[in-house]
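*Asks:* Just need the whole structure built from these sequences, with the hints factored in.
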Amino acid sequence: MISQYLDAAMRKAHYERIDDPEPFYGEIRECRGVWATGTTLKECRETLLETLEGWLLLSLQKGLPVPALDGISLAAPEPTEVHG
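Quick note: the sequence shown uses this note's numbering, first residue 1, plus one each step.
By construction, these hints were calculated from the structure, which means they are not laboratory data.
This one's a predicted model, so the numbers in the text were calculated from it and none came from an experiment.
The beta carbon of each residue, even a glycine, is placed where N, CA and C say it ideally should be.
Any given hint could turn out to be false.
[Said to hold, decoys possible] Quick list of the computed label-pair ranges, beta carbon to beta carbon:
id, residue 1, residue 2, range
1, 73, 19, 30 to 40 angstroms
2, 63, 40, 32 to 42 angstroms
3, 3, 61, 17 to 27 angstroms
*Replies:* Okay, structure coming up:
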């Protein structure tokens, strides 16, 4: 399910050229704060995917909302009580 979410998010990525030493900029607007730069478009895409993965794991760990993409919803599991 996570790999399908990552694929859906990367399909929504927008790229542009910017005036910067790393002239390729990419972002996934649906995932607030997920952006990357690179010296090549390939490098930018790879960095964007790494950024997305970290953002997703941190969001789930902290119980932050993760937007549904292409009908795929992810949420952190509810905490369970441990009796001992």
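*Asks:* Now look at each hint and say whether the structure bears it out.
*Replies:* Hint check results:
For the pair residue 73 and residue 19, the beta carbons lie near 38 angstroms from each other, so the given range of 30 to 40 angstroms is met. The hinted window of 32 to 42 angstroms between residue 63 and residue 40 holds, with their beta carbons roughly 36 angstroms apart. Here the CB-CB span from residue 3 to residue 61 is close to 18 angstroms, well matched to the stated 17 to 27 angstroms.
When the structure is compared with the earlier hints, no violation turns up for any of them.
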